[in-house]
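Participant: One letter stands for each residue in the lines below.
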Amino acid sequence: MWDQLIINPMINSLLFLYSLLFNNLTLTIVVFTVLIRVLTFPLTWQQQKSSKAMQAMQQGDEWKKIQEKHAGDREKLAQEQMKLMQKAGVNPLGGCLPLVIQFPILIGLYQAITNAIAASPAQLLQLSTHIYPFLPNVNKLIPLDNQFLWMNLGLPDPFYVMPMLVVLTSWVQSKVITPPSADPNAAQMAQTTALTTTLMFGWFSLTFASGLSIYFVVSNILGVLQYSLTNPINWRNIFNLGISFNFLAPATDEPKRPAREKEKARAKRK
Amino acid sequence: MSRKFLIPLALVLTLLLAACGAVPANSWPGLSVMGDRAYIAFNTHVYAVNLADGSEVSRFPAAGVNLGELFFSDPGVSQDVIVVGSEGPAASYSGALFGLDPNNLNTVKWCLVFDQKAQQRLSTFNCKATPDATQSIIFGIAPAVDNRLIGGIALVDGVAYFGMANNKVYAVNAATGEYKWRFDQATHPVWAAPLVDDGTVYVASLDHTLYALSSADGSVKWQKDLGSSLAGTPALANGTLYIGTFGNEVYALDAATGNAKWSQPFKAMNWVWGGPTMAEGVVYVSDLGGGVFALEAATGAQQWKTVLPAPVRASPAVSGGVVFIGDKDGVFHRLNAQTGAEISKPEIPGDNKGQLLNMPVIVPDRDLVLVATYQGTNLLNAYDLNGNFKWPFAPTQ
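Sequence order for the protein chains is A and B.
Position one of the first sequence corresponds to residue 1 (our numbering), numbered consecutively onward.
Position one of the second sequence corresponds to residue 1001 (our numbering), numbered consecutively onward.
Derived by calculation from the structure, the hints in this document are not laboratory data.
Where is the CB? At the ideal position from N, CA and C, for every residue including glycine.
It is possible that some hints are incorrect.
Derived BS3-like pairs (lysine-lysine); straight-line CA-CA distance at most 27 Å [as the list claims (entries may be wrong)]: (1) 140/A with 1353/B; (2) 1261/B with 1224/B; (3) 140/A with 1261/B; (4) 1180/B with 1109/B; (5) 87/A with 140/A; (6) 87/A with 65/A; (7) 87/A with 64/A; (8) 1224/B with 140/A; (9) 1305/B with 1353/B; (10) 140/A with 1221/B; (11) 1261/B with 1305/B; (12) 1221/B with 1261/B; (13) 69/A with 52/A; (14) 1180/B with 1221/B; (15) 140/A with 1305/B.
Pulled a few chain A residues facing chain B out of the computed Cβ check, cut under 8 Å [said to hold, decoys possible]: (16) 13; (17) 125; (18) 143.
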């Protein structure tokens, strides 16, 4: 079922595009990623809209009042927050659901690229079972030409350029799609998530075929561009790393205090 | 959006991406026979198996030792040395060639590496290196070259000939591991064992071309673009080469010139991966559509066709009027070589039949046919030529 619905259409589309795009695998991955991003744009847009509504609500006075009022009772706080969300018509899963629907597409795309590169006999045998027999001239395309610049797209990049680009673009995208929150816990969570996602994709890029890294980089750039269509981007926030090594502590300006206190002490001594 | 969900979702995605992309092994076992032993290469070891009863004689590396090398290529065998190729650990895309003692595989006579990664990894073996192993290093980093040795090894007159995933073909002295020459004009990997005959090395490449090279120095005698990838070793009989392609075609070419001998190539139903087999003036071929075909060697005319229910990657083996062939669903077939009719389907023992992706190896003087399985309960199963099961070989961990 998974193969028939997701993998086979993706692999055959990829091969068809490859035949149209001058047998250039890099160009094919780029165009394919753009097409997938365009097709899933309604889901992404819904996710961003929901995220924005949630953010606006969390910055509202009513939300802050509830937080202050029920600071010591987490259960009550959750109940009141839920009521407020219902009142405002915000679904707490509204942002999650489109993301969950996109996961199979992302995994399918990953598998399609890995299968199409087919760097070993077992992988090529597997690829042969996915190809539609009616696809014109597909047999002449195999194996795909996987050389691009200094890279063999079936292997990890030996010079680590692609992993660095993946880490950079993943970080930027993570920061863009999770704008700053007034809630310190949420801000800390967002920070940790951005870091986790970035490191995760960096590891993928170091370990897996560099063809996948091209997909990650293009996908991340498109993610940022798509977000910018519906939201203003705060570039200052993106490069404000603000990494706190105490993951339990809220991300505030606490670390600055000792410096200020030292200055006051120096002034007193004078 | 509730950010509490993001980390668990990211972790789930990580696991799914990692799990979904995994392929259990890069290839199927490599199998060769010499004297009273079968030599089978699969995953972390190469095994010598006694043909009398299926007992293990020796293995490389020793039991309990994992070098990190993966072995899949058909070993090249002679009285003096067993030559087997390896891939490095996963994602290293490195490889090596080992010359092992036939009497005790765990005695390494020599080894040869193709890049610095392998040289460092296998430093305890004091390996020799090919001239290109140290070339093209930029800032101390090796370029991305796929140096895995996937195809089988042809060992003829003391020379081992083999192609690699780095698109090159090498000739190496089988007694010492000394590099002799390399051919580097192919543009895609070579996965098939070369065919060596009368001073010519015939190499089928995934770059759609069949190359005829001089066995003395690797120079090109002729080359022929057949339009689709070639992944099987050609068959040679009476000055004619027979080879199948991923373009669903089988060609007959003049071995001296590369010119086509049939008026048109034979059209199979799907990719022809395994090399054709010649027996008594008949060419037997199989394809991934499950087709098994008998063709007249002189004209390419079809004598019969049998369609098996699963893809057939392996070449057929023919002996005593019977075609032996395995399919991807793990079913072993015996067909009548005159008509293609199914004679029997000898049972593959064990809970997991695996996939039969290797050409069965027939040992006529011992009345044996050996069938290797990919991901099956047993690595090797032996039958007599009537299809009666004789013994299994499943290596102990």
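Participant: Could you run down the list of hints and mark each one as holding or not?
Facilitator: Taking the hints in turn, this is what the structure says about them:
1. Pair hint residue 140/A plus residue 1353/B does not hold up; C-alpha atoms about 33 Å apart against a cutoff of 27 Å.
2. Between residue 1261/B and residue 1224/B the alpha-carbon distance is near 13 Å, which keeps this suggested pair within the 27 Å criterion.
3. For the suggested pair residue 140/A and residue 1261/B, the alpha carbons sit about 22 Å apart, so the restraint of at most 27 Å is met.
4. With a CA separation close to 18 Å, the supplied pair residue 1180/B and residue 1109/B stays within the 27 Å bound.
5. Using a Cα cut-off of 27 Å, the hinted pair residue 87/A and residue 140/A is violated, with the two alpha carbons roughly 60 Å apart.
6. Proximity of residue 87/A to residue 65/A is assessed by CA-CA distance (about 16 Å); at most 27 Å being required, the pair is judged to hold.
7. This hinted pair checks out: residue 87/A and residue 64/A have alpha carbons roughly 16 Å apart, not beyond 27 Å.
8. Annotation: proposed proximity of residue 1224/B to residue 140/A holds, straight-line Cα distance about 15 Å (limit 27 Å).
9. Under the criterion of a C-alpha separation no larger than 27 Å, the hint pairing residue 1305/B with residue 1353/B is consistent with the structure, at around 25 Å.
10. Distance restraint check for residue 140/A and residue 1221/B: the Cα-Cα separation of roughly 25 Å lies within the 27 Å cut-off, and the hinted pair is therefore satisfied.
11. Proposed proximity of residue 1261/B and residue 1305/B is supported: the alpha carbons are some 22 Å apart, at most 27 Å.
12. Taken as a hint, the residue 1221/B and residue 1261/B pair is honoured in the structure, with Cα atoms around 18 Å apart against an allowance of 27 Å.
13. Only pairs whose Cα atoms come within 27 Å are accepted, and residue 69/A paired with residue 52/A is accepted, the gap being roughly 25 Å.
14. Distance hint between residue 1180/B and residue 1221/B is fulfilled; the C-alpha atoms sit about 18 Å from each other, no more than 27 Å.
15. Using a Cα cut-off of 27 Å, the hinted pair residue 140/A and residue 1305/B holds, with the two alpha carbons roughly 25 Å apart.
16. Among the interface hints, the one on residue 13/A is violated; its C-beta lies about 18 Å from the nearest C-beta in chain B, farther than the 8 Å criterion.
17. Taking 8 Å as the C-beta contact cut-off toward chain B, the hint placing residue 125/A at the interface holds, the least distance being around 6 Å.
18. Residue-level restraint check for residue 143/A holds (minimum Cβ-Cβ distance to chain B is 5 Å; threshold 8 Å).
The structure fails hints 1, 5 and 16 (numbered hints given earlier, in ascending order).
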